[in-house]
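Novice: In case you want the letters, here they are:
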Amino acid sequence: MNGQYAALIIALPLVSAFFVPVIKAISKKAVMPFLLLVTLAQVGIAGWVFNEVYTSDKPIIVMAGGWRPPVGINLYIGHFAALFVLIIAVISFFMAYFSIKAVKVEPLDKYAMLFLLLMLGATGMIATGDIFNLFVFMEITAITAYALTAYNKTGEAAEASMKYMILGGIGSSFFLIGIALIYGATGTLNMAQIAQLAGNINPTVAQVGLALLIFGLAVEAELFPLNAWAPDAYQAAPHPITVMFSAFVVKAGLYAAARLLYLMQAVSTWHSVLRLLVIMAVLTVVVAEFSALRQRDVKRMIAYSSISQVGMIAFALALGSQAGVDAGVFHMVNHAIVKALLFLGVGYVGIKLGGTTLEDFEGLGRRMPLTAFAITVGSLSAVGIPLFNIFWSKVRIMLAGVSAGYTWGVALILGASVVEAVYYLRLIHRIWFAGGGERLSESFALGAIMLFLVALILVIGFYPNYAWSLAQKAGADIFDVTRYVSNVPLMGVGA
Amino acid sequence: MVSVLKRSLAIITLLIIGYWIAQAFAGVPFGQDKMLVGQYYLNNVKAQTGAVNAVTAVVVNYRGFDTLGEVTVLFIASTGVGALLWKRKKERTARTEGSIVLTTGTRYLFPFVLIFGAYIFIHGHLTPGGGFPGGATIATGFLLLYMAFIVYEIPHKGFEVAEGLVGMGYVIVGLIGLMIGGYFLFDWIWQTWQLGTNNIGRLLSGGFIPVIYTIIGLKVGTELSGIIDNMIKEEVRE
Amino acid sequence: MNCISCIEYIIVAIMIISAILAVEWKDLLAAAVGMAAVSLFASILFFMLQAPDVAMTEAAIGAALSGAVFIFAIKRTRRFETEEEEKPGWWMRW
Amino acid sequence: MIHISVYYFGAISLILIGLYAVLVKKNLLKMLIGLSIMETGVNLLLISVGYISGRSAPILSEGVGPNQAVDPIPQALVLTAIVIGVATTAMALSVAIILYEKYGTLNVEEIRRLRG
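Respectively, the protein sequence lines represent chains A, B, C and D. Quick note: the numbering used here has the first sequence finishing at residue 495, numbered continuously throughout. Quick note: the numbering used here has the second sequence finishing at residue 1238, numbered continuously throughout. Quick note: the numbering used here has the third sequence finishing at residue 2094, numbered continuously throughout. Quick note: the numbering used here has the fourth sequence finishing at residue 3116, numbered continuously throughout.
Honestly, I wouldn't trust all of these hints.
Claimed, not checked - Simulated crosslink set (DSS-like; lysine-lysine; CA at most 27 angstroms straight-line):
hint: 1; chain 1: A; residue 1: K104; chain 2: B; residue 2: K1034
hint: 2; chain 1: B; residue 1: K1089; chain 2: A; residue 2: K101
hint: 3; chain 1: D; residue 1: K3102; chain 2: B; residue 2: K1034
hint: 4; chain 1: A; residue 1: K153; chain 2: B; residue 2: K1046
hint: 5; chain 1: D; residue 1: K3102; chain 2: A; residue 2: K153
hint: 6; chain 1: A; residue 1: K104; chain 2: B; residue 2: K1046
Said to hold, decoys possible - Heads up, incomplete: computed chain D residues facing chain C, CB under 8 angstroms, no partners named:
hint: 7; residue: I3002
hint: 8; residue: H3003
hint: 9; residue: I3004
hint: 10; residue: S3036
hint: 11; residue: V3064
hint: 12; residue: P3066
hint: 13; residue: Q3068
hint: 14; residue: V3070
hint: 15; residue: V3078
hint: 16; residue: T3089
hint: 17; residue: A3090
hint: 18; residue: I3097
hint: 19; residue: Y3103
hint: 20; residue: L3106
Treat the hints as calculated values from the structure; they're not laboratory data. Note that the Cβ used here is the ideal one computed from N, Cα and C, for glycine as well.
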């Protein structure tokens, strides 16, 4: 099959989302099974794209409208994008199933549309090769996220969504100002051509433009001054949506920030932006870990933990070295698996027991042993115990941080990790050694999904080499800008 | 007192941000030719897309992918507003009918507003305008109906299905391009079939631009009307 | 200074003034109208910057429709702003 | 001091005024009006970046050659940005309506207090 058919990763969710009103007009019950079917098809397409990219070892360039970049918009599905499109599709498939169990609030047809479009937005953000197209996909992701955050229509959900919107509105305005600056200085919007021309830009313009772009993306990427929405939104959103936020929406923002950062490598004021990002990332980790310690609600606690891990990824990506980027990508993959497992388990407990406060988790080991086991494995992994997957990526981030000369940042992050261990162990203690209760029945399919994720954690924990080699390829895809530029068939307008 | 202090603090912060942005924009001189890709568009727009209006050609053809995303954003907004303001039973609560001028005017103007909107989006490749203002004009027509008559409601079911079908139409036009020309959103009408090549500057030219703009116009019109409908109706307790 | 640039300066000034008024007026309905006025003046500026497409879109969508949506929202909530002395920046706090 | 064109000045002022409303005001609708003004400012900024003095609109009918038109790209971008802006505004307003239905106020401090 022709590589251009990779455009289906965008076209399929879109056409299916537009098809949902028609399905609803025929039969309302068919909407959720349809959602499951579409996400399954998306897994198939994403698997094909992944296979294609990793066997041929060449990125797929989708040229929309048949125009060669920079005249048209292109999608760049390199090693990173292929890997993450697959992760997005698989997690969406699981969550589509979980949604059938978890989401009871009407109107379900609109939920299904928004679900598909959230998946589409994150996929597009990761795949696109054009800076304004990135903005459009960012807005798609953001607006679906606003709507889904408020979907439960409680007061908390509406407030969280409003917070998110105001921060997101400021962020997107800043992002557009950044685009105006970069476009004014280079005359193009194609990322590869911007990378080519980056050396000639007036350094002040480039610095301010890049800083504004990063600030705009920091809302999606949950970096410190702009992430006040995240804990509220994670707590108030429907459970499957929380998983999606943590597993890939934030990753899409991080990836976009890292991509733009490394594209502008040739700019002379580049290192100052890098340092700014490192400071933001370290602050994110420290503030989030200490806030997590105070929480009585487990979903919110894990939300803070997720934010701190995201800060760690941002730290790794902002180090400016190959090792850092590789480690960051590896951590992204591990974090997606672990947080998907944790939020899935916690969400399932929330549905079964009607709440997610710390008290609800007492005696979970007797009441829902399978879920309790899954949460325990996820927690141990999140803390960074050896022989679980996050251990390997955390170690690599620390090593990369030290070798890049940010020892103070590494020290602070290590200190914050101790705090993380405290509250996760408190949770595990509550689950297994306090309280008790009747045994409840657990869903077989959800149990299977959880066991699958647990198996992934353990496999990567015991044999990290294969996953690490994937992450290295994906990291090189972000870091090696010369290869990125040479892979995009620029038609030489003006340059 | 404290509030004055805080306000001045905020204003000072903002002025610093403003200065920071302004000194960057001093490096992007106003009114100078900075075009790179833009010049390519201007040089080739007529031959490659058949449109006279370069902005339309960029929006629909060269950067059609963005526009697909933009249509999606509007679709999300209409879906989201529908999801958030969803109530088991909703009704209009307006109590006063519009004045005689408004009702009579609306009755006679409404068809012309629709025709004008359609004119704007069909001629998008020739004159300023296009699908978005055209669709907004159509929505304004429905807004007039809502304001003039207390009982008026748009046909929801029909509008929802139409929204979905029209959006699918856009993606399907793109997928036909993928099948005929090998690229998603390829302009198969102009580049493969070469319809209207000797017609540049008249209505029947511009490849798939009029088709797409009709789709966009209908979609924007139905979606904005749907948003207005959702905003205007309130819950009725039984 | 020729007359065209006089007009530019005047319109920019009026636009900024209406923006300040839109932000400062306590009556939200008036503020929404002020916002629509900002959009209208911006659309005149777009026209002067040789962007008729954008001017049309801004006038139809930015001024008319978003103004209308604001007015509906005000109708469903409340019209006047209540001001009290508190810390600003609610959306920044954790 | 730096010298910038009056259009840049107007646009940056709009952005700052909007940001001021978001930072300082406590009424949700006021904050959203601020965001909306900010978006208008950004759009004006983008269009000003694409303007070239002495050239006409990029509609290449009689009398306008490829070298006599302004840059079409920023105009296309702003067209997109305006629509995205109104979509965000509509979403935000419907969330504000829900908040008002739940708490009976639009003041964010009161909402925070009522939530506890």
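Novice: State for each hint whether it applies.
Specialist: Evaluation of the provided hints:
1. A:K104 to B:K1034: This hinted pair is violated, its Cα atoms lying about 54 angstroms apart.
2. B:K1089 to A:K101: holds, 26 angstroms
3. D:K3102 to B:K1034: The hint is violated at about 51 angstroms.
4. A:K153 to B:K1046: violated, 50 angstroms
5. D:K3102 to A:K153: holds, 9 angstroms
6. A:K104 to B:K1046: The given pair, whose Cα atoms are some 53 angstroms apart, is violated under the 27 angstroms limit.
7. I3002: violated, 17 angstroms
8. H3003: violated, 15 angstroms
9. I3004: Status violated, d = 12 angstroms.
10. S3036: holds, 6 angstroms
11. V3064: violated, 10 angstroms
12. P3066: With a closest approach of 15 angstroms, the D:P3066 hint is violated.
13. Q3068: violated, 10 angstroms
14. V3070: With Cβ-Cβ at 5 angstroms, under 8 angstroms, it holds.
15. V3078: Status holds, d = 5 angstroms.
16. T3089: holds, 5 angstroms
17. A3090: Given a least distance of 5 angstroms, the restraint on D:A3090 holds.
18. I3097: At about 5 angstroms, which falls below the 8 angstroms cut-off, the nearest Cβ of chain C leaves the hint on D:I3097 intact, so it holds.
19. Y3103: Since chain C brings no Cβ nearer than about 11 angstroms to D:Y3103, farther than 8 angstroms, the hint is violated.
20. L3106: holds, 6 angstroms
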